[in-house]
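Asks: In case you want the letters, here they are:
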Amino acid sequence: MFLNGYGPLILAGTWVTIQLALLSLVVAIALGLLGAWAKLSDSWLPRVLATAYTTLIRGVPDLVLMLLIFFGMQIYLNDLTDLLGLDPINIDPFAAGVVTLGFIYGAYFAETFRGAFMAVPRGQLESGTAYGMREFQVFRRILFPQMMRHALPGVGNNWQVLLKSTALVSLIGLTDLVKVSQDAGNVTFKVFLFISLTGLIYLALTTVSNFILYGLYRRYSVGVREVML
Amino acid sequence: MTDVLTQFWQAYLYQSNGGWSGVAVTLWLLVLSVSMGFAISIVLAVGRVSPRRWISFPIWLFTYVFRGTPLYVQILFIYAGLYSLDFIKHTPPLAAFFQSGFDCLVLALTLNTTAYTTEIFAGAIRASSAGEIEAARSFGMSRFALYRRIILPSALRRALPAYSNEVILMLHATSLAFTATVPDILKVARDANSATYQTFASYGVAALLYLCLSFTLIWLFRSYERRVLAYLGTRR
Chain A
1 MFLNGYGPLI
11 LAGTWVTIQL
21 ALLSLVVAIA
31 LGLLGAWAKL
41 SDSWLPRVLA
51 TAYTTLIRGV
61 PDLVLMLLIF
71 FGMQIYLNDL
81 TDLLGLDPIN
91 IDPFAAGVVT
101 LGFIYGAYFA
111 ETFRGAFMAV
121 PRGQLESGTA
131 YGMREFQVFR
141 RILFPQMMRH
151 ALPGVGNNWQ
161 VLLKSTALVS
171 LIGLTDLVKV
181 SQDAGNVTFK
191 VFLFISLTGL
201 IYLALTTVSN
211 FILYGLYRRY
221 SVGVREVML
Chain B
1 MTDVLTQFWQ
11 AYLYQSNGGW
21 SGVAVTLWLL
31 VLSVSMGFAI
41 SIVLAVGRVS
51 PRRWISFPIW
61 LFTYVFRGTP
71 LYVQILFIYA
81 GLYSLDFIKH
91 TPPLAAFFQS
101 GFDCLVLALT
111 LNTTAYTTEI
121 FAGAIRASSA
131 GEIEAARSFG
141 MSRFALYRRI
151 ILPSALRRAL
161 PAYSNEVILM
171 LHATSLAFTA
181 TVPDILKVAR
191 DANSATYQTF
201 ASYGVAALLY
211 LCLSFTLIWL
221 FRSYERRVLA
231 YLGTRR
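Order-wise, the sequence lines are chains A and B.
Going by this note's numbering, the letters in the first sequence line up with residues 1 to 229, in that order.
Going by this note's numbering, the letters in the second sequence line up with residues 1 to 236, in that order.
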């Protein structure tokens, strides 16, 4: 039998991990863009809020934040439903994982994007406005494509860290790849086999992302002259 | 909040049930793994930049595997996976080592930080100025003297900003200690949570402690960087 019959479960766990990582990436990039915009804003309130967000989140381990947000949120939600006389709502671990990972890595993306935004010359944005583009058009046509060129190495790094930290969600009760292989190992007494397999699957995922990132990097560097040193 | 603090402040900071716990254990894990990792990484980084493939390839493979898998999986592999092997169970010294959660955790943390630090140092060594190396060669320095006097002193300094980042990440990585039953800050927070049911306060105190430790480390590294990188003219 394929891995003592655990093959399909391992595949399902891998799929959960991939979905979790990709959805958290979407949340994190959205929060990161918002955070970078707020940090570069002219008014002080968004700036202070965004600085507090990136500083506090990046100073605390992701695991501690995950437990704090997941279990803390559940307790406040229980209080709220009690107060309103509703039935208790249990937070779905998958949704909680996406929100928590997205919230944590949003802070790292905000710093990456902030640096990249600042690397785009201001004159380019001004000429966009001079051509009569609206603010959003300037963002989509001029700022974003050039910003991504500078942001990609950082984005790639953050993605790899995010992908690896999905292993932690098994600790808040989600049946991801790590949880499935731990269970499989304990039942079949083949812990070594299943943990090694998990490691290899993660290695395959990071290797595939390396190739994709390299392709993206080539795509966004179109038109940049390379200098041989 | 007050319940958690009055009952558990000692456990959070340094001891519980007559043993070390909390901040003391977290810092001890950090110091052990980072200092061993630092020493091993210097040797591996020199091998990593070697033009001989049979030296550089195994080191590349080691860093690739350890940088491409989650630390939590590495801890599980060492703590649960290796101990399940018969040959380790039946070799008393190995069995004694892998039975201890603390030993396994320090081994996993050290291997993990060694992989990242090796790449950081190797990158800095590769960026050494060719002129300095030529000058050292023309002075007749041996390979060892070249590394000891010229390449390493400047490469390690230039690696400092990236290295300080790695140390902060290691501080955060030690929070996985409770999965190997080591009583670090987060383990105490979990105990406090199950004793008082004050989830937000229990984990919140842990988060604040990590925040303080992170800021202290950042501050220490910044001051040190300002001293040893003064010649590069970096003003912050």
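Be careful, since some hints might not be right.
What the hints assert, rightly or not - In silico DSS-like pairs for lysine-lysine, Cα to Cα no more than 27 Å straight-line:
{"hint": "1", "chain 1": "B", "residue 1": "K89", "chain 2": "A", "residue 2": "K179"}
{"hint": "2", "chain 1": "A", "residue 1": "K164", "chain 2": "A", "residue 2": "K190"}
{"hint": "3", "chain 1": "A", "residue 1": "K190", "chain 2": "B", "residue 2": "K89"}
The hints are simulated quantities; they were obtained by calculation from the structure and are not laboratory data.
Asks: Of the numbered hints stated earlier in the document, which are not met by this structure?
Replies: The structure conflicts with no hint, since it agrees with every one listed earlier.
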